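Given two chains presented individually in distinct reference frames, assemble the corresponding complex, making use of the accompanying hints.
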Amino acid sequence: MTKKGILSLALSGLMAAALAGCGGASGSGTAADSTASQGTTTGTSASGEAVASGSGETQTGSKDIKISVVMHAMNSSFYTTLADGAKQAGKDLGITVDVTSPSTASDLDAQVNLIESAIAAKYNGIATVTWDPTGFNSVIKKAEDQGIPVVGFNQDAEDCGTKAFIGQDYEDAGYQLGKYMFGTVMNGKGKYIVASCGPTDSALEAREAGIKKAAEEYPDVEYIDTIDIGTDLDNAYSVIESAYLAHQDVNAFLGVDVFSEAIGNFINAYGLTGKVYGAGFDLTEGTLKHVKNGDMQLTVGQNPYLQGYYSVMELYMNLADGADFIDINTGAQMVTADNVDSVEPE
Amino acid sequence: MKEKLKSFRELGVICVLIALIILLTLARPVFISPTNFINVVRQTVQIGIMAVGMTFLIISGEMDLSVGSIFGTTGMLAATLYKGNVNPTLAFLIAILAGCAIGLLNGVLVTKTKIPAFIATLGTMKIFRSVAYAISGGQSISVFPESVTNSWVFKMGGSLGPIPIQIFIMAVIFIVAGIVLAKTEAGYNMYATGGNPKAANLVGINTDRVKILGFIISGAVSALAAMISIAYLGSVPTTAGEGREMDVIAAVILGGASLSGGRGTMLGTFIGAMIISVVKNGMVLLSVPVFWQDGFIGVVLILAVLLDTFMHRKDSRG
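Protein sequence lines correspond, in order, to chains A and B.
So for the first sequence, full-length UniProt numbering puts the first residue at 1; every next one is plus one.
So for the second sequence, full-length UniProt numbering puts the first residue at 1; every next one is plus one.
This is chain B alone, in the form it adopts within the complex (with noise of 0.2 Å):
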């Protein structure tokens, strides 16, 4: 049982996770509600359901900063064709495509020109969200015909009783892909493309390709990620998504995955997308003052990558 427990990688973050949710019931019972605990879990949604992508990608090695950017490019794309009354469920399509299509673009740059992501993706990151503003004209795009707001993709943003629905989506995402890379063949190409990238290509996987499809993961779910804020907040300003890259780097990192490449899970990220909202919510439950919200984040951040390193380094000394 203690060996089983020592192999279960998320170990350490998952105790950070406890211990953060028993504080802050017994600073405040509140936190427990189901009211706010749903609330807790639906803020986790946005950021969860990027890192699903982020994390694919750091494990092969790579990153993206340009998430937030897509986010808020695709929103005002999705949100500029509701406007003109195009069929709501092509909008949807075209605006993940577009993701995709933004992803394939960071891919290329990076695998075929050998530009370092940080900057290949530093430099996407500035054009799209430059993208952004040029659609919407710098203005938040809001106020939806009734054939949308009555179509699918905004029931996204309500609730199944007093669950919301996209708390259902994030679900099936991360399950999928938690399945995809412990179960088959492309995840564990993303192991050996971040483990290992010259043992990698020497046992035929091609790497290139692999973060290829890592970088179009990522552009597809910051896609969905919008779709689903225009549902549920029914409007769209230029800054969307603006910052949110780091918030999601910081869940893949809490979460166990390893920024050199080769070590990460689902549910880790998972985890650590929790740790997030809880520490946002819990900040206001308690009344931290404003300024020392961000560096509250931060000591979180910082101690649960400690306990995760001291853990794994205790493990591999057997």
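With the rest of the complex left out, here is chain A (with noise of 0.2 Å):
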């Protein structure tokens, strides 16, 4: 055999182990081909209240179903627990369930032919983070037209046509976090910035909306400015460290997102506990020893671990047993130094 054709025997052989071998880490032959009965949506309504009527009819053969759980972003803690608590969901209730994302966080694009392939591939429910306001309405309606159900979780466009969200009322959010850190911690009175990732997104910015409303219950408390931190910790701590030194006055620096974490680094490095308040969301390591070593004041969680598992069992609970859809408030866990060491990193 000439080198040209062991080379490209090796070259097929590689990727056939390759493809062997990812195929079978799916645990699963082939592709679920089943039609799963479904419940009739009416519509969505605020969290906690039932949107949809189920046929009650029962699919059979449960276990074959495959859910594709599509992610806007792998690129932190918080998103891999939210994938962390699907794939559970899955082994718990023995089902397949793959998780992927974009490589570039946030890639609408790229997320949307991923929704596409998953459609294709024949999964039977799929998961999904709608942070966009509209370019995941025609996909969503190309998985209803296959009877696919899709159902958001994390973030969710309004009428995106998502049978259920499972996350977090975000305006209130923001406002519980502002009405501690206005009223507790700065005693009705100071001057604070508002730090954000990601200036694209609609979740975020109702973090925000609720912070600043709870500020309007506070004559003397000043709004000074929303700063763009990116989602890179060390670039998020230059950020805070340039809005710092051009605004010495200010009193806290309050983050709607995973990455406020740069803010107790900052706090920490400056050596401003205690003059300098912090306070952000999410439960990552770094930011809980923060709130423990009194660099920030108060983390919110969302639990993001809840929201992935629900996503899959909300889509399980469907196929399987014609099961109503609902939206699920994953709620705002107030983790301060009181309460700190009780709390699992997330």
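It should be emphasised that the hints constitute simulated quantities derived from the structure, not laboratory data.
Incorrect hints may appear among the rest.
[Claimed, not checked] Computed Cβ-Cβ distance ranges for the label pairs, DEER-style:
{"id": "1", "chain 1": "A", "residue 1": "VAL343", "chain 2": "B", "residue 2": "PRO34", "range": "47 to 53 Å"}
{"id": "2", "chain 1": "A", "residue 1": "GLY294", "chain 2": "B", "residue 2": "PRO29", "range": "57 to 63 Å"}
{"id": "3", "chain 1": "B", "residue 1": "ALA171", "chain 2": "A", "residue 2": "ASP159", "range": "41 to 47 Å"}
{"id": "4", "chain 1": "A", "residue 1": "LYS189", "chain 2": "B", "residue 2": "GLY84", "range": "56 to 62 Å"}
{"id": "5", "chain 1": "A", "residue 1": "LYS141", "chain 2": "B", "residue 2": "ALA171", "range": "55 to 61 Å"}
[Said to hold, decoys possible] Result set (SDA-like, lysine to any residue): computed pairs, CA atoms no more than 20 Å apart in a straight line:
{"id": "6", "chain 1": "A", "residue 1": "LYS212", "chain 2": "A", "residue 2": "ASP232"}
{"id": "7", "chain 1": "A", "residue 1": "LYS142", "chain 2": "B", "residue 2": "VAL30"}
{"id": "8", "chain 1": "A", "residue 1": "LYS191", "chain 2": "A", "residue 2": "GLU216"}
{"id": "9", "chain 1": "B", "residue 1": "LYS155", "chain 2": "B", "residue 2": "ASP294"}
{"id": "10", "chain 1": "B", "residue 1": "LYS155", "chain 2": "B", "residue 2": "ILE94"}
{"id": "11", "chain 1": "A", "residue 1": "LYS179", "chain 2": "A", "residue 2": "LYS141"}
{"id": "12", "chain 1": "A", "residue 1": "LYS87", "chain 2": "B", "residue 2": "PHE291"}
{"id": "13", "chain 1": "A", "residue 1": "LYS141", "chain 2": "B", "residue 2": "LEU160"}
{"id": "14", "chain 1": "B", "residue 1": "LYS126", "chain 2": "A", "residue 2": "LYS141"}
{"id": "15", "chain 1": "A", "residue 1": "LYS141", "chain 2": "B", "residue 2": "ASN39"}
{"id": "16", "chain 1": "A", "residue 1": "LYS142", "chain 2": "B", "residue 2": "ILE165"}
{"id": "17", "chain 1": "A", "residue 1": "LYS141", "chain 2": "B", "residue 2": "PRO29"}
{"id": "18", "chain 1": "B", "residue 1": "LYS114", "chain 2": "B", "residue 2": "LEU11"}
{"id": "19", "chain 1": "A", "residue 1": "LYS142", "chain 2": "B", "residue 2": "ILE179"}
{"id": "20", "chain 1": "B", "residue 1": "LYS114", "chain 2": "B", "residue 2": "GLY195"}
[Said to hold, decoys possible] For the chain A half of the interface with chain B, some residues (derived, Cβ under 10 Å), not all of them:
{"id": "21", "residue": "SER77"}
{"id": "22", "residue": "LEU108"}
{"id": "23", "residue": "GLN146"}
Remember, predicted model here, so these are calculated numbers, not experimental data.
We put the beta carbon where it would ideally sit given N, CA and C, even for glycine.
Printed below as a string of structure tokens:
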């Protein structure tokens, strides 16, 4: 055999081995092709309220159910916790749950492509994060036309066609953060800066709106600016540092996302503990450490594990038992120095 | 026949694509289903169209890192104009012209100020991402007036029967670009400019003009890809196109083009773009764990280029 022939053979063999290996990882030899019996949706409503009336039919072979979880990013422990919850639900239910994500965070085209591929692969249900106001509408409709229900978790655009939303009430969570910081920590006076990792993100804007709503209740609390800290902790630190140097009279940095951890990093590094206050969202190990050390006074959890878990659970219950879809508010878990020791990182 | 096959430059990369298609079909028969295969080709459209411009540039010995930002900026510009009830055709043309203008800026920076393309376009990539943020005010732009959604600019996102119209657009662009590259003086000049710029200058080719033309085409097709994306998705997030440049460059390199210039074809680039889409789609069908998906594309990229290099080295030895 010629060298070219050997190389071609080796290449094909390597790919075959890789593909076979990958196929084996899913734990199911063939795609489930069963048609799920689905509830008839009648619209969405406020969290906690049932939004569909199920047909009551039961699908046979429910262990063959395959659910695709299409994330919008996987570049932080928060997102991997969402995915972990979804995967654990799959294990607990004995069904196949495959998680995928675009390689660039919040790449609308790539995420829509992944959902289309999941539809073509005949997954029985899809859970995804619909962070764009209308960009997911057509692909969700496409899934619905194929009889594949789609639920939204973590973030959900209004009227995008998802059967249910499992996540936090963002504005209310922002409001609660604001109330605690302006009232309890700052005693009703001081200046604050909002630190956001994503100016395009409607969920983060809702949290910021909640913070500002709380500020309206305190006449001596003054908003300075909103800074874009990006999705890289080093970059976030630098942006917060620059904002502090520009506004040294600031009393608090209030984060609205998982990258709030950088606020604690900065306050700690500059020795501003007790002089400048910090608060933010999500329960990363770093943020919890800052709350424990007093560099930050509050972080608000939203239980990403449950968001991932219940997304799969809802799809399973609908596909297997025809159960109704329901919006679930996973809440605003207020973590301060008083209770931080009892909280596990996410 | 054997000699003819040997001179067929895209042979290696076509072998890789066919091998992938066969293996994926064996592993998951649904891969070759009409619905999925149409999906795969549609998912090639944006990278493919943008890669047409990049192929011209890379053959001319340059590259453009700003294509993702041009995609984002022109997309935002068009979406803003659509939203403001500007005539959709006019808005479309303004966005394409804006893409050409950014390309012209890139070309002038590289050829007249002698800043290496990698640095110049890295700079404009950052600048025009900021412009996209500034135009949008940090918000996605969506929900367009009916005058726009009923116009031909949005029809680009529709289908003719089961085939998305954007696939036909991509096909026309590749065919025209392939003819320009292989059969016209402009194409010859690009190969000459990238292969040996000094010799090209000596025979009277204005290499600066050739490169500037390459950058302008790259800007124009990136803008066109953005217009198609808006028509298909009905929304433009500020992050639109972010990181796209790497997939585009990878498609061109996979297709057998040389980063040092003078080598590459449109057919090769199309196959390269298809390989990227096939691998991305295949990873979903095969349930490849999410953290390994990028790595898998990296492996295919390296193997395909290795195979291509090996075959050409062997050919050049006779």
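**Request:** Identify every previously stated hint that the structure contradicts and give their numbers, smallest first.
**Result:** The structure breaks hints 3, 4, 5, 6, 9, 11, 14, 17, 18, 19 and 21; every other hint is satisfied.
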